[in-house]
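K.L.:
Spelled out, the chains give:
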Amino acid sequence: AQSVTQLGSHVSVSEGALVLLRCNYSSSVPPYLFWYVQYPNQGLQLLLKYTTGATLVKGINGFEAEFKKSETSFHLTKPSAHMSDAAEYFCAVAGYNKLIFGAGTRLAVHP
Amino acid sequence: GAVVSQHPSWVICKSGTSVKIECRSLDFQATTMFWYRQFPKQSLMLMATSNEGSKATYEQGVEKDKFLINHASLTLSTLTVTSAHPEDSSFYICSATWGGGKDGYTFGSGTRLTVV
Chain A
13 AQSVTQLGSH
23 VSVSEGALVL
33 LRCNYSSSVP
43 PYLFWYVQYP
53 NQGLQLLLKY
63 TTGATLVKGI
73 NGFEAEFKKS
83 ETSFHLTKPS
93 AHMSDAAEYF
103 CAVAGYNKLI
113 FGAGTRLAVH
123 P
Chain B
4 GAVVSQHPSW
14 VICKSGTSVK
24 IECRSLDFQA
34 TTMFWYRQFP
44 KQSLMLMATS
54 NEGSKATYEQ
64 GVEKDKFLIN
74 HASLTLSTLT
84 VTSAHPEDSS
94 FYICSATWGG
104 GKDGYTFGSG
114 TRLTVV
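Sequence lines, in order, name chains A and B.
Mapping of the first sequence onto the numbering used here: position 59 corresponds to residue 71, and the numbering continues sequentially without gaps.
Mapping of the second sequence onto the numbering used here: position 15 corresponds to residue 18, and the numbering continues sequentially without gaps.
Worth flagging that the hints you see were computed from the coordinates, not collected in a lab.
Glycine is no exception: its CB is placed at the ideal position from the N, C-alpha and C atoms.
There's no promise every hint is true.
[Unchecked claim] Sample of chain A residues at the chain B side, in silico, Cβ under 8 Å: (1) V41; (2) Y44; (3) N53; (4) Q54; (5) L58; (6) F102; (7) N109; (8) K110; (9) L111; (10) F113; (11) G114; (12) G116.
Turn these sequences into a full structure, and let the hints steer you where they fit.
P.N.:
Shown next, in the form of structure tokens:
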């Protein structure tokens, strides 16, 4: 069975600072991993995904994530936070015909 | 590409009435659609999975007679909240996929249901 753990329900950074959102997964098969962003009262928007191939995945809005099999991690990073990055972020792993989500991390960006 | 349209975006209804939420895949055929419920400041809770032309598969604890799901075509799924009560007030989100797994999942914009 697959599962996802997001470390830190709230992360606060200064504008311009590095963003690091942590995600660890558990999967008995090679995982397909996703990061989604959710703005208030909206659905989820795909930031990036890892399926196979290159372990460093680049997504939209300057985000990237690195798949590390040895650490069972898929952390999301962005070199320089922008105010517009404030949102809820969800890590997910594809299970059998469905997505399994982590609990989410709320990112706050302050001036 | 891969756009999912969900309507309405918000709805207020009286207790005891039924509400229908639509989820449409606009530019692809969705082999599978999913319905989620999200409580404030929480993650998404999968309610049910539906495949075109077959009965939905409900997650444990979800009342299938209260949350009726119909997936009549490859581009449309509906969720009907029957005899709604205030505790059904929530944010409902649909998702669709054309293959699942690495093909990814596209989400609708969500429906805020308030039962008064």
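K.L.:
Next, verify each hint and record whether it holds.
P.N.:
Structure-based check of all given hints:
Hint status for A:V41: violated, given a least beta-carbon distance of 10 Å to chain B, over 8 Å. Taking 8 Å as the C-beta cut-off, the interface hint given for A:Y44 holds, the closest approach to chain B being about 5 Å. The beta carbon of A:N53 comes within 6 Å of a beta carbon in chain B, closer than 8 Å, and the hint placing it at the interface holds. Given the 8 Å rule on beta carbons, the hint for A:Q54 holds: about 6 Å separates it from the nearest Cβ of chain B.
Below 8 Å, beta-carbon pairs count as interface contacts, and A:L58 has one with chain B at about 6 Å; its hint therefore holds. The interface hint given for A:F102 is met, as the beta carbon of that residue sits about 7 Å from the closest beta carbon of chain B, less than 8 Å. Checking A:N109 against chain B by beta carbon gives a least distance of about 5 Å; that is within 8 Å, so the hint holds. Given hint, A:K110 at the interface with chain B, holds; its Cβ is 6 Å from that chain's nearest Cβ, closer than 8 Å.
About 5 Å separates the beta-carbon of A:L111 from the nearest beta-carbon of chain B, less than 8 Å, and the hint is met. With 8 Å as the threshold, the beta carbon of A:F113 comes within range of chain B, its nearest partner Cβ sitting at about 5 Å, so the hint holds. For A:G114, the suggested interface contact is upheld, since its CB lies about 7 Å from the closest CB of chain B, less than 8 Å. Look at A:G116: its Cβ gets to within about 5 Å of chain B, closer than 8 Å, so that hint holds up.
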